[in-house]
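Visitor: Could you build all of it, start to finish, from the sequences and the hints given here?
Below are the chains, spelled out letter by letter.
Protein chains: 2
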Amino acid sequence: MHLLRKFPAATWLRAYDRGSLTSDLLAAAIVTLMLIPQSLAYALLAGLPPEVGLYASILPLVGYALFGSSRTLAVGPVAVVSLMTASAAGGIAAQGSPEYTSVALILAGLSGLFLVGLGLLRLGSLASLLSHPVISGFITASALVIAASQLGPVLGLRAGGDNLVEVVEKLASNVANVHLPTLAVGGLAIALLLWIRHRLGPLLKRRGVRPAVADLVVRAGPVVAVVASIAAVALFGLDAQGVATVGAVPGGLPPLTLPDFDPELWLQLLPAAVLISIVGFVESVSVAQSLAVKRRQRIDPNQELLGLGAANLAASFTGGYPVTGGFARSIVNYEAGAQTPAAGVFTAVLIAVATLLLTPLFRLLPSAVLAATIIVAVIGLVDLHTLVRTWRYDRADFVASAATVVLVLGHSIEAGLVAGVGISIALFLWRTTRPHVAIVGRVPGTEHYRNVRRHEVLTSPRVLAVRIDESLYFANSRYLEDCLTAAITDHPDISDVVLIASAVNAIDASALESLELLVRRLADADVTLHFAEVKGPVMDRLARVGFTEHLGRGRVFRSTHEAMVALDPAMAG
Amino acid sequence: MHLLRKFPAATWLRAYDRGSLTSDLLAAAIVTLMLIPQSLAYALLAGLPPEVGLYASILPLVGYALFGSSRTLAVGPVAVVSLMTASAAGGIAAQGSPEYTSVALILAGLSGLFLVGLGLLRLGSLASLLSHPVISGFITASALVIAASQLGPVLGLRAGGDNLVEVVEKLASNVANVHLPTLAVGGLAIALLLWIRHRLGPLLKRRGVRPAVADLVVRAGPVVAVVASIAAVALFGLDAQGVATVGAVPGGLPPLTLPDFDPELWLQLLPAAVLISIVGFVESVSVAQSLAVKRRQRIDPNQELLGLGAANLAASFTGGYPVTGGFARSIVNYEAGAQTPAAGVFTAVLIAVATLLLTPLFRLLPSAVLAATIIVAVIGLVDLHTLVRTWRYDRADFVASAATVVLVLGHSIEAGLVAGVGISIALFLWRTTRPHVAIVGRVPGTEHYRNVRRHEVLTSPRVLAVRIDESLYFANSRYLEDCLTAAITDHPDISDVVLIASAVNAIDASALESLELLVRRLADADVTLHFAEVKGPVMDRLARVGFTEHLGRGRVFRSTHEAMVALDPAMAG
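These protein sequence lines are chains A and B, in that order.
Residues 623 to 1195 in this note's numbering are what the first sequence spells out, letter by letter.
Residues 623 to 1195 in this note's numbering are what the second sequence spells out, letter by letter.
Careful, some of the hints might be misleading.
Just so you know, same-sequence chains aren't split out, so a pair can sit in one copy or run between any two.
What the hints assert, rightly or not - Below 16 Å or equal to it, Euclidean Cα-Cα: the simulated EDC-like pairs (lysine to aspartate or glutamate) are:
id	residue 1	residue 2
1	1157	884
2	1157	1091
3	916	1148
4	916	957
5	916	1146
6	916	1112
Keep in mind that the hints were calculated from the coordinates and are not lab data.
Guide: Okay, here's the thing in structure tokens:
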């Protein structure tokens, strides 16, 4: 049973029927159409030979199908992970060298091991450390870097660099060498792709085409551009005029590979592999969950780690590079009617067939057209709206997001991610360091107690009721000490303080220590500390270490009102 | 006015009278008696010449008196900070070299600048990142390292090392060279000090001495040991028999110094200076606050930063080394009746007089006796009880504390502190990552809603009420997504979910994003998401970004009961 849980394919295979088969086959065919140009393009973005993209779209899909928990997630090369691969591998070897390809295999292998490890330890929640604003900033900035880097092939220039500044500088220094025929091809491809993306859908729908079908046709736009450009190169001999093409792509099935085991190199690549894994996982699980809930299916994030881990291990054994679930691709798979992960297996078979039969055609495919498909795809990921909204909603989140954007654009994707996560954690801690603490009084005629600053309430001259709106832990326990000691020096006549713990979900050892210290300190000043509305689990825990014995004359009351009436009968009225 | 706030001496000086003068002078005299042997001993612990300890007990006390906010804190050299100084300086230069002394000056200067900087930025709460269990583990482990390192002088052996393992190894390898006369002096001193500490107090009290006076006599124990041992050396010529003494201590006032400005060295020492500052600040502010509250006086932690910063800057300008508020010494100052920081100024004057007049006496003071005073002082800091109690109360805190102990004993104090802080933060985040989420139902006959797992409650077949007991932020927003999507797949018949936010004190941008995503996802599954009991400030914030417009058919209810009745009239009964 335990083994079966790790092997979800066992569940859906048992119920597999003719209906599922037809749906899955159709979805696989459509996804394949979309995936072929994407595989080639993203491999080039990663600085790898185009066939590596195809290899990464065969066995990894089978790996995910066997172990993943989503029925419709479509796995393979994606833009951001390709850029991260280029950045990590570029630091070790030169693009085009055998070492570079070998580093990509190691990255896939390490990423696979890391994901499987997290999955077995059920540590999927580690990914939560990437906050939405940081991811959003990261994706936007990466998309800009990717789009800029793809301007090189569109302009017929050599380009490269780890960040936007470097990419733009290199392009600018080369601008005199723009190759006009290439620019014409690339420019036309961009125009065609944008027209398909923004105009073709409404047009088809007006002509009575079913919206779902129209959307699928729009998604297949890159195939149209690829086919048209191959035809144009063949007809007009554009390659002879210097328009760069993908060139000879070796046909045949993926090779069996094994990442080189070089402990020092693995250690050096580990941070990049961890970042690639986490970014890939976060994006993937979010798509998978969005699609699953539409059919009231369940995604198990820890099972997803195993699925994506298996996919990456498969990539490292078959000449691929890091993969994850693709956003647009999974939506196409879902909308085309995929019922089970078998659709992924069929996609893998179709890509394998394409690798065997279609590679001669790619010889004439202009690199500028692949670059154009990337530019049009990633430009849709730029999301300035979220940045503006974050600014309006939460300045701390904005700082984390903006730091990520600036560092990705100006330094490197790794620095951006790490800084974003570090800043979010620091600002979160900073915020909980100074929780909201209110002195409360009784709303006349009720047993409710509200903040004395916001409401007209009755207070006692001798008993101070203080409510704290946060769990008590090390980073705010000293603040609580400061607040309460300040409160009793500001109110010299009080003899009792009631600490209302209705919003305290936990008290850690530091806070416990602080509370005991407060009991003693207040006793030194002839003030007794009482508690009210302590939650059950919190009280159980305090009882375990005999906290109530430290309270001296202090008591624990069920409600604030009970406490106030017991300590100052005048409050009963 | 602003300047005056930064200069608290202005407040108490205005009200200074004859009564305060008498009290402060008496307290200063008693503290001086205690401080002279401590200054010499801690300087030797820090690896510095003994007179540096005296210098660090003169002008730094005046610096604190002018800028600190505590009326009774006694500043000067302390054990843990001395050990940290030895550890940091030992990494740069050899003990006894002029470079070593110069590094100590730089550490004091850097520490002073850092503390003043934090104070001006009002960032005192940064110190909260040191949790109680980490501090407690750190102090216990440091005390063991200090005590072990002082066995060297007591045994007449050369000793040293950055951690307990190294210290013990070095002692063990030297054990054949134990100097018996030194051991006799050191052993007698330890026995005398322990007798004074544990037996003399009760004895005096039985003889009718006032408890406060008896306590002060006990605290002056080290002076007795120092005087007796100087007399013994003089009488029996023990120095001629090879008992090591402090030797010639130059008399005269502290020299004016300026820390060498070497940017590279400063950068290298910065992490150590930061740790020294934070540890010193945390210990000092906790003593200051405990004493202040007894007289209902106030401590301003940011003002304390300025006071301690001034003290350290003063140390760096007058041949000292890092200082902070001492625990035992401040209690003596308080109990001896110190009324204002003028007591600190008088102590400084008396120490200066001692530096002028008494230094010839120290020539005969055995190092073993100073080491004995340190051993007896720090052994009281070893606190295994807290470690055991932390284990019983909170395993996460125990892990942080134990890691600190193990690393301090086995590696270095810096590693222990950094690991302790890192682990506490990681475990805190981990804990808030999986908040308590409960499905609740109505307690029959009331309008209260409680956890369905713990109480016999009424639930609706169509409306699910879910309460989340934590603020929503990036590290748990994905968990919330998982919980709610799982809840609706587990309950296929429900049409509405009510999210009860009574314990949600804040919602950050990630959680906002998650909530909007949940609204859409649940809508895809024909389920409407509603909210109940959202706190006022949280709602204000959500309103600012038009959150309610994203709710679709969802509504925000004031109370859970209101929501349940509105969505399922059958719940009204």
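Visitor: Determine for every hint whether it applies to the structure shown.
Guide: Hints, one by one, checked against the model:
1. 1157 to 884: neither (54 Å within a copy, 56 Å between copies)
2. 1157 to 1091: both (13 Å within a copy, 11 Å between copies)
3. 916 to 1148: between (62 Å within a copy, 9 Å between copies)
4. 916 to 957: within (11 Å within a copy, 71 Å between copies)
5. 916 to 1146: For residue 916 and residue 1146, the Cα distance is within 16 Å only across copies (5 Å; inside one copy 62 Å).
6. 916 to 1112: between (57 Å within a copy, 14 Å between copies)
The earlier numbered hint that this structure contradicts is number 1, and it is the only one.
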